[in-house]
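Engineer: Go ahead and model the full structure; you've got the sequences and the hints to work with.
Numbering (the working numbering), first residue to last: 1475 to 1645.
Just so you know, these hints were derived from the structure itself, not from any lab.
All the pointers check out, no bait thrown in.
In the DSBU-like style, the derived pairs of lysine-lysine whose C-alpha atoms are separated by at most 35 Å in a straight line are:
#: 1; residue 1: Lys1489; residue 2: Lys1577
#: 2; residue 1: Lys1577; residue 2: Lys1588
#: 3; residue 1: Lys1588; residue 2: Lys1489
Restraint-style ranges between C-beta atoms, simulated for each label pair:
#: 4; residue 1: Leu1642; residue 2: Gly1602; range: 19 to 25 Å
#: 5; residue 1: Gly1612; residue 2: Asp1641; range: 16 to 22 Å
#: 6; residue 1: Ser1512; residue 2: Glu1575; range: 16 to 22 Å
#: 7; residue 1: Pro1515; residue 2: Arg1596; range: 25 to 31 Å
We treat Cβ as the ideally placed atom computed from N, Cα and C, and that holds for glycine.
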Amino acid sequence: MGSFCEGVLSFSFRKDTPDYVLAAFSALAGPVAPEAPSLPPSVEPNEYGEIPTDFAQNADEIGMFGEDPFPGEPWRHDWAGPLGGSMGVMFVGHSELFWSEMKRWTLSARFSLKDDPDRILRAIEWLGPDIEPNGPDGPLLLGYLRHEYEVRPILVWHRDQVLYGEDLRDE
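Structural biologist: If you want it as structure tokens, here you go:
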């Protein structure tokens, strides 16, 4: 049957984030403020029916067809679908892309995926350059990823355009 990972992430996209990156999440937008820039059309779920983390696996394990249909282009996957809900029954998922008071597109996500937290972290690393930094004050905590059988999570941090994890599971 497999096990699940719960995730909680929140971050703002940089002003210069390309439309193709925002398109991967634009289906999560609710009512948009009138002053917000228009969002690009949403990425459609691909014909393979995979969740986006499938492309982060080793090449011989990727998807039911054995290869990533969008190699090197993770933004072409449907990220809104999996982040907008929950694959598990013990966790209510909900996510939203909204125009914040800071004049940035902001993603707030709570989700459950039938996947490993380490793989999910690898799968979202591509977002690092498009996340609004914390400035010179150091790293920015984005949230956590927690395996359903673990008490402690992996904290997800952002610094210098890099997304990385702090594994608290073994402590």
